[in-house]
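> Line order of the protein sequences matches chains A and B.
The first sequence maps to residues 369 to 775 in this note's numbering.
The second sequence maps to residues 15 to 262 in this note's numbering.
Each hint should be verified, as a subset may be incorrect.
[Said to hold, decoys possible] Simulated pairs of lysine-lysine, DSSO-like, Cα-Cα distance not exceeding 27 Å: (1) 380/A x 140/B; (2) 100/B x 692/A; (3) 370/A x 88/B; (4) 88/B x 376/A; (5) 206/B x 240/B; (6) 692/A x 88/B; (7) 240/B x 370/A; (8) 158/B x 206/B; (9) 693/A x 100/B; (10) 138/B x 203/B; (11) 136/B x 373/A; (12) 692/A x 138/B; (13) 693/A x 158/B; (14) 140/B x 376/A; (15) 29/B x 692/A; (16) 101/B x 141/B; (17) 370/A x 380/A; (18) 138/B x 373/A; (19) 100/B x 370/A; (20) 373/A x 206/B; (21) 138/B x 376/A; (22) 100/B x 376/A; (23) 136/B x 693/A; (24) 138/B x 693/A.
Rather than coming from a laboratory, the hints here were simulated on the basis of the structure.
As the structure is a prediction and not an experimental result, all values here were calculated from the model.
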Amino acid sequence: MKLIKLIKGGIKNLAINKMRTGLAILGIVIGIGSVIALISLGESSKSAVQSQIQSLGANLLTVSPSGQRSGTVRGAAGGGTTLTLEDAEAIESSTKITTIKTVSPSYTGRAQVTANRNNTNTQVVGVELSYAEVRKITLTSGRFISDKDVSSYAKVAVIGPTTAEDLFGEGVNPLGQTIKVNSQTLTIIGVSKAKGGSGPTNQDDIIYIPLTTAQKQIFGVKYLSTIYLEAKSQDVMSRAQEEVGYFLMERHDITDTSKIDFRIMSQADIMETATSVTGTFTSMLTGVAAISLLVGGIGIMNIMLMSVTERTREIGLRKALGAKKRTIILQFLTESIILTFTGGIIGILFGIIGFYIYAKVNSSSFIVSPGSVILAFVVSAAIGVLFGWYPARRASDLQPIEALRYE
Amino acid sequence: MTPTIEITKLTKTYKTADMETPVLLGIDLSIEKGEFVAIMGPSGSGKSTLMHILGALDLPTSGSYHLDGLDVGKLSDDELADIRNKKIGFVFQAYNLLPRTSALENVMVPMEYAGVAEEEQKTKAKKFLELVGLGDRLFHAPNKLSGGQQQRVAIARALVMDPSIILADEPTGNIASAQAEEIMSIFQKLNKAGHTIVMITHEPDIAEHARRIIHIKDGKIEKESKDHRQRIIEEAKKDRKTLKRLHV
Numbered sequence: 369m370k371l372i373k374l375i376k377g378g379i380k381n382l383a384i385n386k387m388r389t390g391l392a393i394l395g396i397v398i399g400i401g402s403v404i405a406l407i408s409l410g411e412s413s414k415s416a417v418q419s420q421i422q423s424l425g426a427n428l429l430t431v432s433p434s435g436q437r438s439g440t441v442r443g444a445a446g447g448g449t450t451l452t453l454e455d456a457e458a459i460e461s462s463t464k465i466t467t468i469k470t471v472s473p474s475y476t477g478r479a480q481v482t483a484n485r486n487n488t489n490t491q492v493v494g495v496e497l498s499y500a501e502v503r504k505i506t507l508t509s510g511r512f513i514s515d516k517d518v519s520s521y522a523k524v525a526v527i528g529p530t531t532a533e534d535l536f537g538e539g540v541n542p543l544g545q546t547i548k549v550n551s552q553t554l555t556i557i558g559v560s561k562a563k564g565g566s567g568p569t570n571q572d573d574i575i576y577i578p579l580t581t582a583q584k585q586i587f588g589v590k591y592l593s594t595i596y597l598e599a600k601s602q603d604v605m606s607r608a609q610e611e612v613g614y615f616l617m618e619r620h621d622i623t624d625t626s627k628i629d630f631r632i633m634s635q636a637d638i639m640e641t642a643t644s645v646t647g648t649f650t651s652m653l654t655g656v657a658a659i660s661l662l663v664g665g666i667g668i669m670n671i672m673l674m675s676v677t678e679r680t681r682e683i684g685l686r687k688a689l690g691a692k693k694r695t696i697i698l699q700f701l702t703e704s705i706i707l708t709f710t711g712g713i714i715g716i717l718f719g720i721i722g723f724y725i726y727a728k729v730n731s732s733s734f735i736v737s738p739g740s741v742i743l744a745f746v747v748s749a750a751i752g753v754l755f756g757w758y759p760a761r762r763a764s765d766l767q768p769i770e771a772l773r774y775e
Numbered sequence: 015m016t017p018t019i020e021i022t023k024l025t026k027t028y029k030t031a032d033m034e035t036p037v038l039l040g041i042d043l044s045i046e047k048g049e050f051v052a053i054m055g056p057s058g059s060g061k062s063t064l065m066h067i068l069g070a071l072d073l074p075t076s077g078s079y080h081l082d083g084l085d086v087g088k089l090s091d092d093e094l095a096d097i098r099n100k101k102i103g104f105v106f107q108a109y110n111l112l113p114r115t116s117a118l119e120n121v122m123v124p125m126e127y128a129g130v131a132e133e134e135q136k137t138k139a140k141k142f143l144e145l146v147g148l149g150d151r152l153f154h155a156p157n158k159l160s161g162g163q164q165q166r167v168a169i170a171r172a173l174v175m176d177p178s179i180i181l182a183d184e185p186t187g188n189i190a191s192a193q194a195e196e197i198m199s200i201f202q203k204l205n206k207a208g209h210t211i212v213m214i215t216h217e218p219d220i221a222e223h224a225r226r227i228i229h230i231k232d233g234k235i236e237k238e239s240k241d242h243r244q245r246i247i248e249e250a251k252k253d254r255k256t257l258k259r260l261h262v
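Next up, chain A with everything else stripped away, as it sits in the complex (with noise of 0.2 Å):
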């Protein structure tokens, strides 16, 4: 009953400057807006990550090459040339590893590839039958390498359907079709599945070849980019990441395990190591949006005070008809609090649409965390605590005869 009264009588002085009061809670429309519409982006982009990475496995380990040194110069990371075909053969045949069930080596590089008269550019991967397997690969149409295309040479290729589009436009069933890799000419025998996913390591704009096709005739190499493990269950992960770590230094002659030559991670590292950048990021921005806050804030306390000055003779005659210090700070914290909630409020519907168009646009996806919708009301709530306690101190400090005579 008493607090509808405060809040009443907080929108009606409120009401009377309706353009200062508007400009105020602006201030932390936009600071709860970014601060909601960031956290957001934030949780959606490392949610997509985690399901893209998880998609992959969690049994799967990637051994690549590291940088080389050379002197105390580092080379740049997987640009390394130390992982052969014989590494991973070694791998699969020895006796000493006993928690790897599928071993698949691969070189990734990427090239300019034409169909007719369409061209793109994109990944091209070559790989052997396991590859499928420890990739969770599956086909629309066709089928996969065989092991046959790998002994043979053959000049066969299976392409991502993003890839497919791109060459042969929607629609058009590529199978049987051919495609011209560093001028090498690849018949289409498969077409995999949509996997989603964007940027250079997309997952959909991607070309499968046999790896010795890739090696020898289209990049001319001898080494590998990545040899993909599958454990032979989740538990024995950080085992075979020893057993393969030994079994490799061992085979490379390394006894200095800061020379190593190759690094292994599991799906749990890669996780790791792509939450935190996305986490650095989002931190990052959701510290901007808080400053803005943070202004929005000051842009509160700056109207209260404006307020207090203007209405000390009507503070002056509250307290002469007997309002005591208690209640001349809960009328004035009222208002910020009502300036805060409400930029606050609108802020969180500003935030969501916003972060919902970014959504759209980029057609990724939409996830509104209740604990950041929760989290924005506490903070412009505190807000109007903390930012309009100064000025309602002020306008309780005010002596009643000073106010009063006021001008």
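Start from chain A and add chain B according to the hints.
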């Protein structure tokens, strides 16, 4: 019976960083319940300061001020607020009503601070507005009322807590003379009904409405005079004596 207001050796000195300005230089004053007192004096005489101290808006530098036996000089800010709320009804020269707030709600403000239930606030406010002749203006905002009407709202507001004293600071200072008479007749009526009224004014004909006039000059009480009617009665008594003497 203790007087409503009891002031002894009261002084007030305003201090700024490098200057002391004495305003009241030792006032002794006692006002009984039911009195109607006017305080007169030229500007700068200290009458407004005395008024502020009487209204518990300011504290004396030395000396004591008892209101209903309570030592006002020894109270905290919030206790003073309570005194102003329950024991003092203010009527200001500039009316000091809350803008954009109806007459009814203006009269309700002191009761709100006293924690009176809202329904009671409304009925009481209505009753007192009717008493000052504004029963048909309950929902008018101050800017829709004349000066005299605004001052009557202020009087209703001063009465609503049934205070020990009504303090009026130049209550007719901003009001046309016809309406000023109306205001003064309300004060007369209230005084007859038993209210204690202390009024500050510099207009002698307004002060004439009071039954006791206190003249202040340079921070001291210069003289006290009785009101018009009492003077006539006293003069008549003297006259009777001279008549007697003449006829004896």
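> Against the 27 Å threshold, does the CA-CA distance of residue 138/B and residue 693/A hold or violate the hint?
holds (26 Å)
> Hinted pair, alpha-carbon criterion (27 Å max): residue 240/B, residue 370/A. Please report holds or violated.
This hinted pair is violated, its Cα atoms lying about 48 Å apart.
> What's the verdict on residue 88/B and residue 376/A, does the C-alpha distance respect the 27 Å limit or exceed it?
violated (36 Å)
> Starting from residue 138/B, check that the Cα of residue 376/A is at most 27 Å away, please.
The hint holds at about 22 Å.
> When you check the alpha-carbon spacing of residue 101/B and residue 141/B, does it fall within 27 Å?
holds (19 Å)
> Between residue 138/B and residue 373/A, does the CA-CA distance stay at or below 27 Å?
holds (18 Å)
> Between residue 692/A and residue 88/B, is the straight-line Cα distance small enough, at 27 Å or below?
holds (17 Å)
> Between residue 370/A and residue 380/A, does the CA-CA distance stay at or below 27 Å?
holds (15 Å)
> So if I understand the rule, the pair passes when the alpha-carbon distance is 27 Å or less; does residue 158/B with residue 206/B pass?
The given pair, whose Cα atoms are some 31 Å apart, is violated under the 27 Å limit.
> Taking 27 Å as the top limit, are the C-alpha atoms of residue 100/B and residue 370/A close enough?
Status holds; Cα separation ~20 Å.
> Is residue 206/B close enough to residue 240/B, meaning Cα to Cα at most 27 Å?
holds (17 Å)
> Check the hint pairing residue 140/B with residue 376/A against an upper bound of 27 Å on the C-alpha distance.
Measuring from Cα to Cα gives roughly 21 Å; hence the hint holds.
The structure does not agree with the numbered hints 3, 4, 7, 8, 13, 20 stated previously, though it agrees with the rest.
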